[in-house]
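Asks: Sequence:
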Amino acid sequence: MYQDYKVGEHKANKGLRIANYFIDLATVVIILIIIITVIYLVLELFAINFSEDNIILDLLMYLGFVGVYFLMEVITKGRSVGKFITGTKVVMIDGSEPLAKNYLIRNLCRLIPFDQLSFLFGGGFHDTISKTTVVNKKAFEADLSQQDSIESLGKTEIE
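Using this note's numbering, count along the sequence shown one by one with no gaps and you end on 159.
These are calculated hints, taken from the structure and not from any lab test.
Given the structure is predicted, the values throughout are model-derived calculations rather than measurements.
Fair warning: there could be bad hints in the mix.
Listed next, with one range per pair, are the computed distances between beta-carbon atoms [said to hold, decoys possible]:
#, residue 1, residue 2, range
1, Ile35, Leu111, 13 to 21 Å
2, Gly87, Phe46, 43 to 51 Å
3, Phe84, Asp115, 20 to 28 Å
With a straight-line Cα cutoff of 16 Å, these simulated EDC-like cross-link-like pairs (lysine to aspartate or glutamate) come out [claimed, not checked]:
#, residue 1, residue 2
4, Lys138, Glu97
5, Lys11, Glu141
6, Lys11, Asp94
7, Lys77, Glu141
8, Lys11, Glu97
9, Lys14, Asp115
10, Lys138, Glu9
11, Lys131, Asp94
12, Lys11, Asp143
13, Lys131, Asp115
14, Lys137, Glu9
Cβ coordinates follow ideal geometry from the N, Cα and C atoms, glycine included.
Take these sequences, add in the hints, and give me the full structure.
Replies: Encoded structure:
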């Protein structure tokens, strides 16, 4: 219960969330440009031709977008480039660390139309559906550490 309270107390504000979004969007676009350039060069090498209006390319772009976001969050345990810069991180609404499946759900929800705007009217779709939220990392972890220290008072270690 204490951890749930601390999550609410340390939720990242809308300004940080917007900053995260634009920093992460720029990062993902740069990564996708690099990946697409490499794929294009490989296709050219083998003389494979895709038209620009190919639905497969559109699908690959969406999957690439979700995949890059997902990998960033899984590898960094809830911290994308934007979250590193703003000092925030993703946690479950109970304060625990998300599992890979939570990050996957969170990032698949980014494909929902207007997801980027949904957090302006409460919790964003990708937060609400995945039961995650974004907190100020340093303050949240300091409170958890302090609570752990308080709970350990009076306990003796058995060796």
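Asks: Hint by hint, where does the structure go against what was stated? Just the numbers, ascending.
Replies: none
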